[in-house]
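Trainee: Top line first, the protein sequences correspond to chains A and B. For the first sequence, the working numbering assigns the number 99 to the initial residue and increments by one for each residue that follows. For the second sequence, the working numbering assigns the number 275 to the initial residue and increments by one for each residue that follows.
Since the hints were made in silico from the structure, they are not lab data. Check each hint, because a few of them may be wrong.
Pairs of lysine-lysine, DSS-like flavour, derived with a Cα cap of 27 Å [said to hold, decoys possible]: (1) A:K278 to B:K748; (2) B:K837 to A:K280; (3) B:K576 to B:K296; (4) A:K306 to B:K796; (5) B:K302 to B:K576; (6) A:K306 to B:K1103; (7) B:K748 to A:K200; (8) B:K793 to A:K185; (9) B:K837 to A:K306; (10) B:K1065 to A:K306; (11) B:K991 to A:K306; (12) B:K991 to A:K278; (13) B:K872 to B:K1075; (14) B:K906 to B:K683; (15) A:K278 to B:K1102; (16) A:K280 to A:K306; (17) B:K302 to A:K280; (18) B:K1075 to B:K683; (19) B:K790 to A:K278; (20) B:K790 to B:K906; (21) B:K519 to A:K280; (22) B:K837 to B:K1096; (23) B:K296 to B:K443; (24) A:K278 to B:K837; (25) A:K223 to B:K748; (26) B:K1075 to B:K1061; (27) B:K518 to B:K443; (28) B:K748 to B:K790; (29) B:K1075 to B:K1103.
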Amino acid sequence: MVDQTQEISIRGEKLRLLPEKLIEWPARRSLLVADTHFGKAATFRNFGIPVPEETTHAMLDRLSHVIERTSAVRLILLGDFVHSSLKGTTSFEPSLLEWRAKHRDLEIVLLRGNHDRGRADLFEKLGIRVVADSLTEAPFVLAHDTATLTRGVQPLGLELHYGLVGHIHPQIALPEGKKKLKLPCFWFGSDYGVLPAYGDFTGCATVKPEETDNVFVVAEGVVLKLDQRMLAT
Amino acid sequence: MGDSYAPATRYLASWFRQLGRKPFPFQKETWATYLRGESGLVHSPTGTGKTLAVFLGAVVEWLAEHPEWLKTAKPQAELPAIEKFKRGKQRESRLRVLWITPLRALATDTEVNLNAALRQLQIPWLVEKRTGDTSSSIRQKQRARYPEVLITTPESLSLMLCNEDLPEKISDLRCVVVDEWHELLGNKRGVQTELGLARLHTLRPELRVWGLSATLGNLEEALSTLLGSDSDHPGSLIASDLKKKYVIESLIPAEIERFPWAGHLGTRLAPEVAEIVSAARSTLVFTNTRSQCEIWYQALLKVMPELSGRMAVHHGSLDIELRRWVENELREGRMKCCVCTSSLDLGVDFSEVDSVVQIGSPKGNARLLQRAGRSGHQPRVPSRITFVPTNALELMELAAVRDALLAHKIESRRPLRKPLDVLAQHVVTVALGGGFRPRELFDEVRTTAAYRDLSELEWQWVLDFARQGGSSLKAYPDFHRIEFVEGVYRVTNERIGRFHRLSIGTIVSDVAVQVKYLKGPKLGTVEESFISKVQPGENFMLGGKLLELVRIHDNTAWVRRAKGVSKAIPRWLGGRIPLSGELSQAMREKLAEAGAGKFASPEMRSLEPLLELQQSWSALPNTNQVLVERFKNRDGHHLFLYPFAGRLAHEGLASLLALRMSRLAPITFSMAMNDYGLVLVSREPAPFDEALTHDLWNTERVADDVLASLNATELCKRQFREIARVAGLIFQGYPGVRKTGRQVQASSNLFYDVFTEYDPQNMLLRQARREVLEQQLEYTRLVEALKRIAKCELLIRQLAKPSPLSFPLLVDGMRDRLTSEKLWERVKKMQEQLEKAAGNDRGLEPTASKKLELNKH
C-alpha cells in the first residue's frame, strides 16, 4: 500500500504530514490542525445562503478517525476553530458536543484566531483550553498567525524555535495547460511553516513559495512533496 | 380608431405636420392596435421609428382622457403652461408606462428621446429612470410620486416587485414596453422579464405589453414568449415598413493565399479600410474581439495619423466614462471613425454614421444586418457595410451571408427553458413583495413561456430550496429565506430581505468593476462581464496599457503593469461566437456550387484558385456528402472531418469521436477545431473505418459520452458560476456592508464541490449540466450534425499534402505548442512549399516581415 503520509524533520523533531490536512507530532502524541471554521455553514445559512450541515459531520468523523489511528492524546487547534460568533448560528454546536463526548480524555488546546471571538461559553462547554497569544513547546512556537507568533515570545525566541501557524489557507497553483490546478498545501519556510485549512467549506489563497521552501501538496488522499520546477510555466 | 381618439390623433397629426414629417404606416398601425387595448411586437432591423410607434399610442390614450388639456395645448407651445399643469396635477400622477431596457446606457438615451417628444408635444409627463445607477434620494422621491413613464432594467423591475406597495403604485399602469427584446430573449434576463410581466399581469389584467425588436428568424416565438399564455389576444406582429436598402460588399485582397489560416491577413487591408473611412462622413469599424479592436485601431492610426483625436476605440474593457464620451462624440458627429466590438451593437442610432466596416466574419446574418443598420439613417440613404476578411475562407462566409439574406434566413434567438436559478430568485422576490400562495404562484409562473413545462416536482424543489435549503428537512438547519405563515409564503427576516434586494441588483451584466493598481491609483472601470472571464495571471489591455490581473475582490480588479510583451497570440479566432446554423448551411451550399463549377459572386470568383485546388487535391462535397481527409506528417496521423456545424458543436463532436474510437484501440488524440470542421491527431492511424462499422454516428448516449470525454466537471463549474450568483448563493460584497459581507464570501467552486459531495440531488447541479450541454457545447447542433452525417455519403480522401480546407486546422493544432514567432515561421515555410507544389512558383510577399511586427503585441 502506498504510504499516503509524509515524514519530515524540523529542528530535529519528527513530524508526519497527514492527507487529512493535519500534522502528527509523534513525540508528544499530539495532532496539529488549523482553520477548521466550524459553523461556517451555519453562518451562511443564517444569511440566507444554503450550505449543507453535513459538512460539519464529515469533518468531525474524519478527525475522529485520525485521532483513533494515531492514538493521539492531545489536539492542538491553530486558530479559527469556529467561523463566527453570530447569534443564531449555533446549529453546529450539538454535533461538536456529541463529538467531544466520544473523545472525553483528549486534551484540546486552541490558539485563538481572529474568528474565535465571542464563543467563550462554547469553548468552556467543550473543555478547550484557550491560549490568547502563542504557545512555545520546543522546538516549536505555535500560534494562529505570524503576527501573534512574535507576541508573548522573547525577542530572540524565533531564532531558537520554528513557528507553526495557520490563517493563510495556503494552496499551490500548478500550471495545467492553459489553466491551473489548485491544491491545498503544507508550506514550510526557513522560520515558520503554514498548515493548510482543514475546513471543508473554506476558501484557499494561492501562495508563491521561495525556491528554498519546502512545499507538500495534498491531492486525492495523498501528501506529495512538490518539486518547485513544476511551478514554472 | 374609435371616435373618442379622433381629437387626440388630429393633435398628433398637427405635430407631425409642424415638423414637416408624416407618421409611417407601421406607426399608425401600432397606435391603432394599442388603442384597441392589444399587445404586440414591433420589429425592424434598425431603430428608426419603433420607439415613437409604441410611445405615441400611450400619449394619444392620455390625451383622449384629458380633453381639457387637449383644448389648450399647442405643439411647441411655451413652457409656463406645462409647468403649471404639472404642478396642479402633482398629487394625481400615476405610473402609466413602464419602459424596460437591457442596458443602463440605453436608459439614458431613451429618457432623452422620450423627453424630447413630450416637450414638443407639450405633454406634462414626467419621465424618469430607475436603474442600478439611480441614487437613493431620487428613488425616495419616485416612491412618493411616480413619474408617468419609468425607464428601468429587468433587474430593477425585480426590485420593484420586492415592494409590498407596488399594487397601489401600478394601479393605473397601462403599458409595459420591452425594448431590444431580441437581446433579452435568449438569456436569463429575458426569463426574469417574463416572470416580472406575469406578475404585473396578475396585478393588472388589462395591461398591454409591447416589445421592440430587431429582425429575428423566430418572430412568432419572440411574440408569444413576451406575452405568455395568459392574455386574451394572441398579440400582433408589426413590421416596420421602412424599406431599407442594403449595400454589402467586401474588400478582396489582391493576393488570395490558397492556404489560409485564422488571422492570416491580419491588418494587411488597413490602407483600403482607411480609404473607406476617409471617403465617408463617419464610420464604425466592428471587430470580433477586443484584442482585434485595439490592433486595428493602432493599424488605422498608423495609416491616418491626422485622424488622431477624431478616431477612437470602444469596447467593454474600457473605462465607462471614456466610452460615454466616445458615444457622445459619435452622436454629435465629431467622430470620424470608431473601432468597436459588439459594445456598439445596441443603442440609439448615430445619425451621422454613414458607413460600417465589419472585420472578420460576423458569424451570423442577423448580426451583419444589425450592424449594417447602424449606418444610413438619412432618408433614401442605403445602409452600407464593407466586409474585410481576416483569412481567405471568410470571403466564402460573406458570399454565404448574401445568399442567406436573399433567402430571408435570419437567425433565431431561442428562449431559455425553465432555468431554476431564476425561479428560485423570483420566488423570494414575490415572498418579499407581499407574499404568495404556492398554488397561485405556480399557476402564474406557468403562464410564462419559460416555465410552461414546469413540473410539480421541480416547483416543490424550488420552494424547498427557498424555505429549507433543499429537499431534506435536516440538511440545512436554521436556514430559511422564506417562511410559510398561514398559507402564505413570506420573507420574515429583515436582513434576508435586505440581502436579497442587494443581490438582485448585482446580477446585471454591466456592473462596473473598478480597476486599480495593487500599489497605485485607480485606472478606470470595466464591465464585470469582461473582467470575470480574465483569469488571474492573464494579461489584458486597458486604455493602451498592458496589465496583468492579480485578483478580483470586493468588486475591484487589482492589477499590475504586465511584464514585457504579452506572449499571447492575438486571438483572431473570432471570439466565442460560432458560425450560425443558417450560415453553416449556406456555406455547404456554396461549396457544392463551387464543386459544380459555379462561382457567382466576386467573393467566390476570388476564391476560385483555392477551391479548384481543394477539388483537385481532395474534393468539394455537395450538400449530400461529408468530406473526410486523412493525412500524415511528422506530427502524426491526421483525420479531418468537415461537418460545418460551428466551432462549439465541433468541440463536443471531436471529443465524442475520440472517445468512441479509443474504445476500439488504445489510442490518444490531440484535437483542434474551427467553424468548418475538426481534426484528430494521433501517433497511430485512427481506427476510423472500423469505427464506422461500429455505429460511430449513433445519437444515443451522446450527452453522457460527450460529458465523459471532456472535462465535464470543469465545464460544469464554469457554468455553475452564473447559476450560483442568480440563485443568491454568492454574496457580492457591497461598500458599507463589507464587514458582515466578509463572513459569507465563498466562491461558486466551493458550493459546487459541497453540493456534489453532500447534496447531489440539488437541482442547480442538474441545471449546470444541462446548460453546459445546451450553451457551451451547442448540444442540439451536435446531435443534428451526427444525424445528418449518418445520412450523407462520406467522401474519404487520402491526402499527399494538406488541402486548403485542412490548412487552418493544421495551424490551429500547432498553436498550443509553439510561440507566435516559431508558429509564424513554420507556417510560412509550409505555405511556400505547398504553393510550389500547387504549381505557382510564387513564394510569399516581401511584406511578410512587416506582418510579423503587427501580429506581435
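Trainee: Just pull the numbers of the violated hints for me, sorted ascending.
Mentor: 1, 3, 5, 6, 8, 10, 14, 15, 17, 18, 20, 21, 23, 26, 27 and 28
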